[in-house]
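Asker: Each chain, written out:
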Amino acid sequence: MSLNGSQDASRRLGERDEWAQDVATRLGSSTHLAQARAILGGWATAAGSRRDVLKWLGIGAGVAAAPTLLAACGGDSSPAAGASATGIPDGSGRTLSVSVWGGETERAFKETVEPVFRKLTGAKVQYDTGSGGERFNKLLAQASAPTVDVFVNSGENVFQANRQGLLVDIDTRRVPNAADIADWAKLFPYGISYGLVAFGLTRAAGVPALTSWSDLWRPDFAGKLGLPGIGHTQMPMFLIMAAELNGGSESDIDPGLKALAKLDPAVLQYFWGEWADRAKAGEVSVVPEFNYSLLGANDAGVGFTFDFPQEKAIAADNTMAIVKGRPNEDLAHVFLDVAFDADVQTAFCGEWLGSPANVKATIAPKVAGKVPLAADILDQVRFFDLGKIATKRAEWTERLNSEVLPSWE
Amino acid sequence: MGVTPRRSRGARASTSHVIGGSGLSVLPAVIAFAVAVLVPAAVIFHQSLQPNPLGDPSAPHDTWGNYHRLLTDPIYRDVLLRTLRVSVVGGIASVVIGLALVIGLTAFRRREVSSVWLFLLVAPILSGPVITVLGWMGLFVEGGIGYRVVNALRPLWGGTPGRVAETEIAMTIGTVHFVVPFIVLTLYPIARTVSKDLLEASLTLGVPPVRTVFRVVLPLCRPGILAASIVGLAMAMSAFVNARFLGGERNLVLTTLVSQLVNTFNPTLAAASSVLLVGLGLLLVAVYGRVLSRSVRREAAR
Amino acid sequence: MSARTHHRRRQQGWTGWRVLRTATVVLGFAFVLGPVLPVVVQAFNDSSVFPDRMRGLTLHWFTDLLTYDEFVAGTWTSAKIGIGATALALALGVSTAFAVTRGPRWMSGAGVTSVLMGPIVIPQIVVGLAILQVINQLQLRVGLAGLIVAHGVFVAPFVIRLVAGALETQGTSYEATAMALGSSPARVLTSVTFPMLRPALIASSVFAFTLSFVNVPLSLFLAPSDQRPLPISIYQQMASNRSPVLAALSLLLAVLLLAAAAAVERFLRVRLLQ
Chain A
49 MSLNGSQDAS RRLGERDEWA QDVATRLGSS THLAQARAIL GGWATAAGSR
99 RDVLKWLGIG AGVAAAPTLL AACGGDSSPA AGASATGIPD GSGRTLSVSV
149 WGGETERAFK ETVEPVFRKL TGAKVQYDTG SGGERFNKLL AQASAPTVDV
199 FVNSGENVFQ ANRQGLLVDI DTRRVPNAAD IADWAKLFPY GISYGLVAFG
249 LTRAAGVPAL TSWSDLWRPD FAGKLGLPGI GHTQMPMFLI MAAELNGGSE
299 SDIDPGLKAL AKLDPAVLQY FWGEWADRAK AGEVSVVPEF NYSLLGANDA
349 GVGFTFDFPQ EKAIAADNTM AIVKGRPNED LAHVFLDVAF DADVQTAFCG
399 EWLGSPANVK ATIAPKVAGK VPLAADILDQ VRFFDLGKIA TKRAEWTERL
449 NSEVLPSWE
Chain B
1083 MGVTPRRSRG ARASTSHVIG GSGLSVLPAV IAFAVAVLVP AAVIFHQSLQ
1133 PNPLGDPSAP HDTWGNYHRL LTDPIYRDVL LRTLRVSVVG GIASVVIGLA
1183 LVIGLTAFRR REVSSVWLFL LVAPILSGPV ITVLGWMGLF VEGGIGYRVV
1233 NALRPLWGGT PGRVAETEIA MTIGTVHFVV PFIVLTLYPI ARTVSKDLLE
1283 ASLTLGVPPV RTVFRVVLPL CRPGILAASI VGLAMAMSAF VNARFLGGER
1333 NLVLTTLVSQ LVNTFNPTLA AASSVLLVGL GLLLVAVYGR VLSRSVRREA
1383 AR
Chain C
770 MSARTHHRRR QQGWTGWRVL RTATVVLGFA FVLGPVLPVV VQAFNDSSVF
820 PDRMRGLTLH WFTDLLTYDE FVAGTWTSAK IGIGATALAL ALGVSTAFAV
870 TRGPRWMSGA GVTSVLMGPI VIPQIVVGLA ILQVINQLQL RVGLAGLIVA
920 HGVFVAPFVI RLVAGALETQ GTSYEATAMA LGSSPARVLT SVTFPMLRPA
970 LIASSVFAFT LSFVNVPLSL FLAPSDQRPL PISIYQQMAS NRSPVLAALS
1020 LLLAVLLLAA AAAVERFLRV RLLQ
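If you read the protein sequences in the order shown, they are chains A, B and C.
Be aware that the first sequence starts at 49, since it is given in the numbering used here, and climbs by one per residue.
Be aware that the second sequence starts at 1083, since it is given in the numbering used here, and climbs by one per residue.
Be aware that the third sequence starts at 770, since it is given in the numbering used here, and climbs by one per residue.
Warning: the hint list may mix true and false statements.
Calculated cross-link-like contacts (lysine-lysine; reagent style DSS-like; alpha-carbon spacing at most 27 angstroms) [stated by the list, open to error]: (1) K234(A) / K418(A); (2) K306(A) / K360(A); (3) K849(C) / K360(A); (4) K849(C) / K158(A); (5) K360(A) / K418(A); (6) K372(A) / K418(A).
Here are some, though not all, of the chain C residues that point toward chain A, as calculated from beta-carbon distances under 7 angstroms [what the hints assert, rightly or not]: (7) S952; (8) L970; (9) F990; (10) D995.
If you are wondering where the hints come from, they were derived from the structure by calculation, not from laboratory data.
All residues carry an ideal CB built from backbone N, CA and C; glycine is no exception.
Given the sequences, and given the hints that come with them, work out the whole structure.
Answerer: In C-alpha cells:
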C-alpha cells in the first residue's frame, strides 16, 4: 500500500505530462490562428490598431513575429520551436510568480495550469502562498516594487488592489480564451473569475431541507449553528441578506445587524476544518458554507447536505488579475489564457472542486455528480456589488464587532 | 557551589576591571532592535494616525480617532481587559505549573534528571503551536476529555457547564500549554543549582520536605521566577495561534483583533491596536519586573 | 547520604512529599503531552480523516510525505534560515548578556529588561508586515536575509536570558584570577570565559535554531516566494485540508529535532537545558 502510493504518484505525473503536452500543442496552434485572424482584421480595419496588435504580440518578439506568423498558420507547429514564431513570449530562463491560496488551490494550479504553461512558454512558475488577506496585505506592503506577476484572490481583494493602483487592465486580445469565459465571471476590466462557488446552507443528516436564509432564525436551530466568522469573505453578503430579510438593504444595514445579533451560533468558523469535529460530536447541525468546502468536509465524514435557499446562495468569485510594474506582463497574460482554456478548466476544476467559468469546459469524470456546471446553478446564486462591499467592509466589521459579537458570547 | 550567586557589592564596585563591565556590548543588540523593531514600530505608529486607504472615502477622519475608539468603545475595552486577564492569569498559571514540574523533577535528588523527561516537556515547542492546537480542539469538543474536565471544574469559580470550545477558558488553557515549556526551559537551569546540601540541612533540622520546598527551594528560585514570569507574561500576551483557534472572535484579544482588522481592510485601526498591544506589554513587563525585583532585593537583604 | 537522614525521611512527612511530587509530575506531563498524543496516534492511523478513532495501523502517511516536494525543499530553507538566525541571535544575545550582568547597575533594572523583552511582546504578524514595508520602500532585494535578521532579533531575547543566567552563575572570580596572573582580556575571554559558557552557548544555539525553525508569523510575510519555510507550508496545508500527512510530518519533525538535540548532547558532551 505504502510503496504503491509513490508509484501511483509517478504514473499520474507521467499521464499528466502527456496531457499537458497535448493541450500546450493545441493552445500553441490555436493561439496563433486566433492571432492571425486578429492581425488580418486589425490591418484591415484601422491603421491605428496596428500599435495595439504589436502590443498584444508581446514586448520585442512581436515585431519579428508578425511576418512569420501568417506562414506558420498553415503548417503544423511544435510548440517548442514555434514558441516565438507564434507570438507566444519566450519564457525560457524566466520565472512567473503567482500569488495564490496555499494548499488545495495551489495544488490545482500546479497540476493543471502550470504544466501547460511551462510547455507553451518554457518559463518556470513559482507560487507565493497565503490566505487571501495575507497576500493582499503583502501586495500592498510591496506596492513600490511588487514581487508577484499574477494575483489570484477574492473579487474584493482584487478590487482593493486595483483601487490602490496595483493592477493592469487585462488585455483580452492576449487572452483569446477569455472569449469563452461566461459573462458573470468577467467581474472587472482588471479581474476575471476562473470559477464559481456557491455559499449556501448546509445541514446535518436528519434535518429537513432548508429553503430560506430565514431558517437560520428557527428556534430549533438555536445553539446549533456554525456561522461565518466576522472577518469571513462572505460575511458582508450574509449581513446584506439578513438586512434584506428584515426590510433593510445594502445601504440600510441596521436591520441586518439587529437580526444577526438574535442568532445563537455554536461555532464561528472560516473553513470547514473548524466545524467538522463539532458537527460530528452533534454540537452543530446547520452551517452556511461553500458547496465545494462541503465536499472536503464530507470526505472527512461530516455527512452534511447542501441547499440553495430561495433568496439564492451567495456567489463567490475567485479572480485572477495581473500586477502592474512587473517585467512578466506578457507571460502573465499567457498564464491567464492557459487557465481559461476549456480543457485546462475542466482539469483544474476537477482538482479545485468549483464550477468552471469557461462555458465550453465540462465536469471532470472523477468529480461528476459532485461539482455542478456553472450554467446549472446560475439562477440559484446571487452576485453582489463587490466594490461597494469592499469599501464598506472595514466599517461593517467594526459594527459587527460591537453590535453583534457581544450577544454571540 | 551553592545558591545561584548574585553579583556581590565588591564585584560591582570594580566593574571597569570585569570583561563586559562597561556595558558597551549592549550596542549591537540596541542597533539590531532599533532596525528590526523600532523602525517598523514607527511605521506602524505613523500608519495608525492616517485615514484608512481601504475604507469608505466619505467617512470623516480624526487623527487620534483610532485610539479614541479603542479606549472608549465598550467592545474594545472588553478586548483590552480580556487581553490583560488572559496574559496575567495565563502567565502566572504557566509559571506555577512550570515551577511545580521543575521542582518536582529536581528537589532532593542528587542525580541529574534524565534529558528524556526534559525533552518530552519541550516537545510541544518542537512540533509547533499549530498542530497542538488541533489536539486541543479535539479534546474540547462536546464529550471530549478536555470538555469533561473543564465542566467538572467550572463550579469551582461559579461558572456554568456548557460549551468549552471558543471560550476564554479554552484560550487560557491553550495559552498556558503553549507557555509552560518555555517556563521549564527558563527555570530548570536555576532549580537544578539549588544546593542539595542546604536542603539536607533543612531536613536534618527536622523541617518536613514539603515545608522545605516552600521555605528553602522557592526562595532560592526567586530570581528565576522573576525571569520566567516576564517570559510567561510576554508570551501569553502575544500568543496568536491559541487565541485564534481556541478563543476565536467571540473572545477577541489584541492579537486576534489585530489579525481580524488587517484582514478586513482596516490597516489603520489594526496599527493602532498593535501600538496599544506593545505599549501594554512593555508596561506590564516593566511593572511586574519592578515588583518582583523589589521582592527579590528584599529577600536578599534579609 | 547518611543513615540518619534516611531515618528522618521515613519519619517526617516524606510520604506526603512523594505523593505531592508524583501527582504534580504526572498531572504536569499529562497536561503538556495530552494534546500532542492525538497527533501521534493520527500519524499512524489508517484513516484519511483527522482526527478519527483508530482504524488500523499504517505507515503510508509517512511515505506520502515524499510526494510533497515542498516539504523537502521547505526543510532545507528552514534549516538555512535557522542557522543564520542562530548565529545572529548568539552574537546579539551573548554581547547583551555581558552588558546586562556586568555592566552598570541600571542595565539590569526592570526598564532595560522590558525593552530587551520587547521583541517577545510585539505581535510578530504586524511587525512582519511593517518590516516588509520598510524593506520594500528602501527598494532592498534581501531574499532570505530579511527573514534571517527578523528571526535572529526575535529569538535573541531567549539567548540573552540563558546566557545571562550562566554568566551570573559563573561569576567573575575565575576571570579575575586569570587577569591577576597576567592574561590579556582577549585571552581570558577565549580561554576562560567562553569555555565556561560552552554549555549555555550550545543550549541557546539549539534553542534559537528550534524557535526559528518552527516560526510561522514572521515568515508569513517575510518569506520570499521562491523559498518557503516548512512551517508555512504546513500552516497553509492545514487551512485548506487536514490530511493525516500533517500529523505524520509534525511527529517526524519533533522526532528529528529531538534526535538532533540528543546527538548534540552525546557528541558535544554537554547537557542542553542546564
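Asker: Are the Cα atoms of K234(A) and K418(A) separated by 27 angstroms or less?
Answerer: holds (25 angstroms)
Asker: Does K306(A) pair with K360(A) here, judged by a C-alpha cut-off of 27 angstroms?
Answerer: This hinted pair holds, its Cα atoms lying about 22 angstroms apart.
Asker: With the threshold set at 27 angstroms, check whether the alpha-carbon distance from K849(C) to K158(A) stays at or below it.
Answerer: Distance ~25 angstroms between K849(C) and K158(A) Cα, so the pair holds.
Asker: So, D995(C) near chain A? Judge it on the closest CB pair being under 7 angstroms.
Answerer: holds (5 angstroms)
Asker: Has the given pair, K849(C) with K360(A), been kept, meaning a C-alpha gap of at most 27 angstroms?
Answerer: Violated, at about 51 angstroms.
Asker: Would the hint on S952(C) be counted as holding, given a Cβ-Cβ threshold of 7 angstroms to chain A?
Answerer: Violated, about 51 angstroms.
Asker: Are L970(C) and chain A close enough, Cβ to Cβ, to be under 7 angstroms, as the hint says?
Answerer: Interface hint status for L970(C): violated (36 angstroms vs cutoff 7 angstroms).
Asker: Just to be careful, I want the Cα atoms of K360(A) and K418(A) compared with a cutoff of 27 angstroms; is the pair within it?
Answerer: holds (19 angstroms)
Asker: Under 7 angstroms is the threshold here; is the Cβ of F990(C) close enough to any Cβ of chain A for the hint to stand?
Answerer: Holds. Min distance 6 angstroms.
Asker: Would you mind confirming whether the straight-line C-alpha gap from K372(A) to K418(A) stays at or under 27 angstroms?
Answerer: violated (38 angstroms)
Checked against the numbered hints above, the structure breaks hints 3, 6, 7 and 8 and satisfies the rest.
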